[in-house]
Amino acid sequence: MTRASVVGAGMTKFGVHDTPMQELFGEAAFAAFDDAGVGPDEVEALYFGNAMGGQTENVTHLGPQVATHVGLAGKPVQRYEDACATSANAFKNAVEAVESGRHDVVLAGGVERCTPETGLDTDAMTRIFASASHRQYEQPTGLTFPAVFALLTKRHMHEHGTTEEQLAHVAVKNHGHGSLNPKAHFGKETTVEEALDGPVVADPFRLMDCCPFSDGASAVVVVSDDLADSFDAPVDVTGVGHATDVVPLADKDTPHVTQAARDAATTAYDQAAVTADEVDFAEVHDCFTGAEVLASEALGLVEDGQGGIAAAEGRTRRDGEMPINASGGLKAKGHPIGATGTAQIVELTKQLRGTAGDHQLSGVECGVAHNLGGDAATTVVSVMEGRA
Amino acid sequence: MTRASVVGAGMTKFGVHDTPMQELFGEAAFAAFDDAGVGPDEVEALYFGNAMGGQTENVTHLGPQVATHVGLAGKPVQRYEDACATSANAFKNAVEAVESGRHDVVLAGGVERCTPETGLDTDAMTRIFASASHRQYEQPTGLTFPAVFALLTKRHMHEHGTTEEQLAHVAVKNHGHGSLNPKAHFGKETTVEEALDGPVVADPFRLMDCCPFSDGASAVVVVSDDLADSFDAPVDVTGVGHATDVVPLADKDTPHVTQAARDAATTAYDQAAVTADEVDFAEVHDCFTGAEVLASEALGLVEDGQGGIAAAEGRTRRDGEMPINASGGLKAKGHPIGATGTAQIVELTKQLRGTAGDHQLSGVECGVAHNLGGDAATTVVSVMEGRA
Amino acid sequence: MSAQDDIELPETLSYHDWAAAVREGQLLGQSCNDCDHVGGVPSGACQECGGRDLTTVELPTTGTVYTETTINVPPEGFQERGYQVVVVDLGDARVMARIVGEHVDIGDDVSLSGFIDTDDDHPAPTFEPDD
Amino acid sequence: MSAQDDIELPETLSYHDWAAAVREGQLLGQSCNDCDHVGGVPSGACQECGGRDLTTVELPTTGTVYTETTINVPPEGFQERGYQVVVVDLGDARVMARIVGEHVDIGDDVSLSGFIDTDDDHPAPTFEPDD
Ligand SMILES: [Zn+2]
Ligand SMILES: [Zn+2]
Numbered sequence: 001m002t003r004a005s006v007v008g009a010g011m012t013k014f015g016v017h018d019t020p021m022q023e024l025f026g027e028a029a030f031a032a033f034d035d036a037g038v039g040p041d042e043v044e045a046l047y048f049g050n051a052m053g054g055q056t057e058n059v060t061h062l063g064p065q066v067a068t069h070v071g072l073a074g075k076p077v078q079r080y081e082d083a084c085a086t087s088a089n090a091f092k093n094a095v096e097a098v099e100s101g102r103h104d105v106v107l108a109g110g111v112e113r114c115t116p117e118t119g120l121d122t123d124a125m126t127r128i129f130a131s132a133s134h135r136q137y138e139q140p141t142g143l144t145f146p147a148v149f150a151l152l153t154k155r156h157m158h159e160h161g162t163t164e165e166q167l168a169h170v171a172v173k174n175h176g177h178g179s180l181n182p183k184a185h186f187g188k189e190t191t192v193e194e195a196l197d198g199p200v201v202a203d204p205f206r207l208m209d210c211c212p213f214s215d216g217a218s219a220v221v222v223v224s225d226d227l228a229d230s231f232d233a234p235v236d237v238t239g240v241g242h243a244t245d246v247v248p249l250a251d252k253d254t255p256h257v258t259q260a261a262r263d264a265a266t267t268a269y270d271q272a273a274v275t276a277d278e279v280d281f282a283e284v285h286d287c288f289t290g291a292e293v294l295a296s297e298a299l300g301l302v303e304d305g306q307g308g309i310a311a312a313e314g315r316t317r318r319d320g321e322m323p324i325n326a327s328g329g330l331k332a333k334g335h336p337i338g339a340t341g342t343a344q345i346v347e348l349t350k351q352l353r354g355t356a357g358d359h360q361l362s363g364v365e366c367g368v369a370h371n372l373g374g375d376a377a378t379t380v381v382s383v384m385e386g387r388a
Numbered sequence: 001m002t003r004a005s006v007v008g009a010g011m012t013k014f015g016v017h018d019t020p021m022q023e024l025f026g027e028a029a030f031a032a033f034d035d036a037g038v039g040p041d042e043v044e045a046l047y048f049g050n051a052m053g054g055q056t057e058n059v060t061h062l063g064p065q066v067a068t069h070v071g072l073a074g075k076p077v078q079r080y081e082d083a084c085a086t087s088a089n090a091f092k093n094a095v096e097a098v099e100s101g102r103h104d105v106v107l108a109g110g111v112e113r114c115t116p117e118t119g120l121d122t123d124a125m126t127r128i129f130a131s132a133s134h135r136q137y138e139q140p141t142g143l144t145f146p147a148v149f150a151l152l153t154k155r156h157m158h159e160h161g162t163t164e165e166q167l168a169h170v171a172v173k174n175h176g177h178g179s180l181n182p183k184a185h186f187g188k189e190t191t192v193e194e195a196l197d198g199p200v201v202a203d204p205f206r207l208m209d210c211c212p213f214s215d216g217a218s219a220v221v222v223v224s225d226d227l228a229d230s231f232d233a234p235v236d237v238t239g240v241g242h243a244t245d246v247v248p249l250a251d252k253d254t255p256h257v258t259q260a261a262r263d264a265a266t267t268a269y270d271q272a273a274v275t276a277d278e279v280d281f282a283e284v285h286d287c288f289t290g291a292e293v294l295a296s297e298a299l300g301l302v303e304d305g306q307g308g309i310a311a312a313e314g315r316t317r318r319d320g321e322m323p324i325n326a327s328g329g330l331k332a333k334g335h336p337i338g339a340t341g342t343a344q345i346v347e348l349t350k351q352l353r354g355t356a357g358d359h360q361l362s363g364v365e366c367g368v369a370h371n372l373g374g375d376a377a378t379t380v381v382s383v384m385e386g387r388a
Numbered sequence: 001m002s003a004q005d006d007i008e009l010p011e012t013l014s015y016h017d018w019a020a021a022v023r024e025g026q027l028l029g030q031s032c033n034d035c036d037h038v039g040g041v042p043s044g045a046c047q048e049c050g051g052r053d054l055t056t057v058e059l060p061t062t063g064t065v066y067t068e069t070t071i072n073v074p075p076e077g078f079q080e081r082g083y084q085v086v087v088v089d090l091g092d093a094r095v096m097a098r099i100v101g102e103h104v105d106i107g108d109d110v111s112l113s114g115f116i117d118t119d120d121d122h123p124a125p126t127f128e129p130d131d
Numbered sequence: 001m002s003a004q005d006d007i008e009l010p011e012t013l014s015y016h017d018w019a020a021a022v023r024e025g026q027l028l029g030q031s032c033n034d035c036d037h038v039g040g041v042p043s044g045a046c047q048e049c050g051g052r053d054l055t056t057v058e059l060p061t062t063g064t065v066y067t068e069t070t071i072n073v074p075p076e077g078f079q080e081r082g083y084q085v086v087v088v089d090l091g092d093a094r095v096m097a098r099i100v101g102e103h104v105d106i107g108d109d110v111s112l113s114g115f116i117d118t119d120d121d122h123p124a125p126t127f128e129p130d131d
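Chains as they are written, first to last, in our numbering: chain D, 1 to 388; chain P, 1 to 388; chain A, 1 to 131; chain F, 1 to 131.
Possibly wrong hints are sitting among the right ones.
Label-pair distances were calculated between CB atoms; the ranges are [to be verified]:
#, chain 1, residue 1, chain 2, residue 2, range
1, D, G119, A, G114, 43 to 51 Å
2, D, G119, F, Q79, 44 to 52 Å
3, D, T122, F, D53, 44 to 52 Å
4, D, L196, F, G114, 32 to 40 Å
5, P, S362, D, E44, 50 to 58 Å
6, F, E76, D, L207, 46 to 54 Å
Result set (SDA-like, lysine to any residue): computed pairs, CA atoms no more than 20 Å apart in a straight line [as the list claims (entries may be wrong)]:
#, chain 1, residue 1, chain 2, residue 2
7, P, K13, F, T12
8, D, K13, A, D92
9, D, K13, A, T12
Hints in this document: simulated from the structure, not taken from any laboratory.
Here a beta-carbon is modelled for each residue, glycine too, at the ideal position from N, C-alpha and C.
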């Protein structure tokens, strides 16, 4: 069932930008407006994501600032923050706003600046990223975000025999995909040897297992099912699932199964009346290579325990049976935190329209986006399908 | 028309708390649960506000953390940030969620820690509060938040003849009110002389014109109109207006009219089918005494230009014709940023039920809450009425 | 002769252009080609009509004080106390600025006098009272 | 003789109680009186059933490594590199901790050895491998 439709999508190149956040967001929002053929007068509200502007640049109340920049001053604006799932949560709420008839046309999107252009070095940014772990029960150990996913991945390796080579294959695949995407932060392919030769960040993750610090923005125009046909190229949102899990991670039943992703996927698939088998491709939250392995299993795209093997065998490559992260994923496309969730929606929209350019997949009709926050304790899973 | 009902309300004492945010929030949430007679299993989602935990304590992704603490892990959680209007925005979205049938029972609330218990001194907190002004076009002047409202108030004084004595009367009134409210940060009355004798923070504001740095939390259980009658003491939300304005403030048409408040009030009154004359009492965002003057006019509770006079004449005192901030307001009750919006809803709920205790107003049937963010560029106005 | 005759104004006004101009003693705004509204700082869209067809304009460097306050409790990063922040009415647009020199009141005439960049390299224009 | 015999356990377990106990060489959790679920850190409600009738319990100070990683790129505030963070399975509950001493692998037996409080006075328990 169609819950809402995306009728316009835009994003900046992900990478290094020496530009204030409102200008970065403006580039994405105007691209989405133009793609949809709407002006700001037709857009009724903004559902906005930014994860860490307060910490990186002493910027809060950014919603009305970016709204002003794109001509939406006056309209209701809400900022969401759910760590790396920030703009997927904004998107979910945007979908609900048009589905319920509250609004007809809304803008959902996000922006973030994470590169040293903010003036912050790796140590400072590593602490800021760690703010999404528990202040009292996790941060005091010196935990970092690579380490959060390393803890999950190590247990997966222990239980299923997943190897560092398999993880490297995820990186190689996504860099290969990213090399076809002009919006990607990294445009260069890599090799398993190169990946396994990098310095260790938090074992088993080496440098090439980790997504980069990126700047960027993304935005989509979301309209109600009723209105969608009056636009040129609507793509339907048929399911959005959102679930959380216990924090801190030690208290989760089985941390590496990422239960929130399973719960969110079940909800999203049920709403869309699809099964994992009917999904043609997916954008998943590969902040670290191990995270893609866990996500591909949690979404049912690969059997439990087979995520690493599937990557190594090329089954999740763009020419495989279940292409994952054809955009390059967070790993190669980049991960400007608050922009990542809606950037996945931008990618699904373009793939389902057949307008993804050099990295277009062939014959795709149903795509899934998986965006997580924190130690996977927030996950939003969205199903999109071409409009019949 | 009833959009939703509040069936449970709770808050901590506002003041100084040496307690992690999840525990503070838990105190408010459990009070709301108990007041409503619900357990976490009946609550379907959390609409959560926290404005600056990232900056003050390096805490993000706090939504799932507080959800875990109150037994809501697993459920969808969204964190809102709109500076000082943070939890009013969460409340608005909670109301829409139950009104649309998305959820039946949700929790909305917020928490903040702003006192030196976080380890931050006045200079550091002053910079953090300034993050809600424009990073590029306002912060570089050395602007502070007292100064933002001083700029608005000075122009109001220039145009309408509002005096420092009148501002002092707002402080005296709200301290008087707060002395009757055991949850208030300040329990002590003050005098006009004392207020006018304080050190200048940003002229015309002296220390007593400014709300304190507070820690605290508040929460309300919000249910759909249909469900409300199955609870003991529902109070109806009949209107919620939300509007924004241009940022930075120099670009606003007429900054001191706080147009977003006027727009939000118009929407809220229209939804509730009430006029300002029918409002019996209001909780308004008196972060500074001048802000109460502007708000009382923007809401139509006092004629334009008469806000200061009304306060000086006692017309907005609890025994006056239009009681404003009977709780003590931000000025005396305190202003834990992300908790303030839903604390106003807690106050309206208790007043309309007749259970506000020592600071109960008599015969009130319709109350208004006004919560603003930034330089008033975000404002949420809510109308609540006793259930017939 | 105004600076406008000398230098090329950027077609799309960015913060970086604006900041560079402040450092050069110039205030740049944008005029909307659809409704003639003038904005005092760079934006992607007109605040009046939402239009994106904007022309960069040089704003006057003299104006009157629209509102003002003197700040005695500064944020971290600002050492001094007792500085005055104003909104200056430049005719078509307003800008926020710091006052250097004598204290000013609402309605006083002021002129652009330079800039400060104590805040992490972000410049803010400064004005001084006219005699 | 366990410490439980000596000291009074707080009825409602707060972070401050937990932290004070960590400094005393003790790990406190909560047992749910409705469903018997044990949580490894203080909470207001049971993670299993949402119940609020919780009893503070002393957790074992020995366990096995559930998962582990060694961190070479630390956050600001942590000077050293190459430290190991683990989740320790204590039987009924798990806790996150720092390893001091030899590197450990999943399944290894470890014992509570003390705490670190390099992070702004927030203590984290430390474990060391058993011989
Ligand atoms: Zn215009
Ligand atoms: Zn239980």
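Here's how the hints hold up against the structure:
| no. | hint | result |
| --- | --- | --- |
| 1 | G119/D to G114/A: 43 to 51 Å | violated, 24 Å |
| 2 | G119/D to Q79/F: 44 to 52 Å | violated, 21 Å |
| 3 | T122/D to D53/F: 44 to 52 Å | holds, 46 Å |
| 4 | L196/D to G114/F: 32 to 40 Å | holds, 36 Å |
| 5 | S362/P to E44/D: 50 to 58 Å | violated, 41 Å |
| 6 | E76/F to L207/D: 46 to 54 Å | violated, 19 Å |
| 7 | K13/P to T12/F | holds, 19 Å |
| 8 | K13/D to D92/A | violated, 36 Å |
| 9 | K13/D to T12/A | holds, 19 Å |
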